[in-house]
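Sequential numbering of the sequence shown, starting at 191, is according to my numbering.
A few of these clues could be false.
Unchecked claim - Simulated restraints on C-beta separations:
#1 Asp270 with Lys194: 16 to 26 Å
#2 Gly239 with Lys291: 24 to 34 Å
#3 Tyr316 with Lys194: 32 to 42 Å
#4 Glu203 with Leu307: 20 to 30 Å
#5 Thr237 with Glu334: 27 to 37 Å
#6 Thr255 with Lys192: 33 to 43 Å
#7 Ile208 with Pro246: 22 to 32 Å
#8 Lys192 with Thr237: 36 to 46 Å
#9 Met191 with Gly257: 41 to 51 Å
#10 Thr333 with Ala259: 41 to 51 Å
#11 Lys194 with Pro246: 39 to 49 Å
#12 Ile207 with Thr308: 36 to 46 Å
What the hints assert, rightly or not - Straight-line distance between alpha carbons at most 25 Å, and here's what the computed SDA-like set of lysine to any residue pairs gives:
#13 Lys194 with Leu224
#14 Lys330 with Tyr244
#15 Lys291 with Leu234
#16 Lys320 with Glu248
#17 Lys194 with Leu234
#18 Lys194 with Tyr223
#19 Lys340 with Gly238
#20 Lys291 with Glu204
#21 Lys321 with Glu248
#22 Lys340 with Val217
#23 Lys291 with Ser318
#24 Lys330 with Ser310
#25 Lys330 with Lys340
#26 Lys291 with Glu240
#27 Lys291 with Thr241
#28 Lys330 with Gly272
#29 Lys320 with Arg305
#30 Lys192 with Asp215
#31 Lys192 with Val206
#32 Lys194 with Gln221
#33 Lys330 with Ser302
#34 Lys321 with Arg305
#35 Lys192 with Gly238
#36 Lys194 with Cys233
#37 Lys321 with Tyr244
#38 Lys320 with Leu297
#39 Lys330 with Glu196
#40 Lys321 with Ile207
By construction, these hints were calculated from the structure, which means they are not laboratory data.
Every residue gets a Cβ at the ideal spot worked out from N, C-alpha and C, and that includes glycine.
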Amino acid sequence: MKVKIEIEEGLAEEEVIIRCASLNDAVVGLQNYLSKQNSAKRCLSLTGGETEYYVPLEDIYFFETEGSAVRAHTATQIFDCGYRLYELEELLPGSFMRISKSTIANLDHVYSITRNLTASSLVEFYGSGKKTLVSRNFYKALTERLNAKKLGL
Numbered sequence: 191m192k193v194k195i196e197i198e199e200g201l202a203e204e205e206v207i208i209r210c211a212s213l214n215d216a217v218v219g220l221q222n223y224l225s226k227q228n229s230a231k232r233c234l235s236l237t238g239g240e241t242e243y244y245v246p247l248e249d250i251y252f253f254e255t256e257g258s259a260v261r262a263h264t265a266t267q268i269f270d271c272g273y274r275l276y277e278l279e280e281l282l283p284g285s286f287m288r289i290s291k292s293t294i295a296n297l298d299h300v301y302s303i304t305r306n307l308t309a310s311s312l313v314e315f316y317g318s319g320k321k322t323l324v325s326r327n328f329y330k331a332l333t334e335r336l337n338a339k340k341l342g343l
């Protein structure tokens, strides 16, 4: 593996790009490690009614669309989010992953997946009764990422 550092004065935000021939356990592990370094105590501004909350990313279980709105779910609350899912995909660290057309999940909180061969599978989260669906198109990628995390990669 080659490591290259380029210094670019005036860069607004640091960026790490990983180029690889295929997505393997080492690459996913590196992405997760870098994401965790960058996301320590990062918060997202969310709203609930008339109040604006600053919720740590690690407290968020998943984001889902409800009509035209995007909602952020924690263990006990649901907040409105000002971002679209495609914007969140770019902002969120590697512990988050799109698991359906309408959902991005925090893999650190996934407790179980109940597989359904003919339709979407059910994802449950630690410490809450929260559940959401993973579509068949994302099921394999999700289980691969979870297995990589389980192995500590």
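Quiz item: Of the hints given before, which are not true for this structure?
Solution: Numbers 1, 4, 10, 11, 14, 17, 19, 20, 26, 27, 28, 35, 36, 39 and 40 - these are the hints that the structure violates, sorted from lowest upward.
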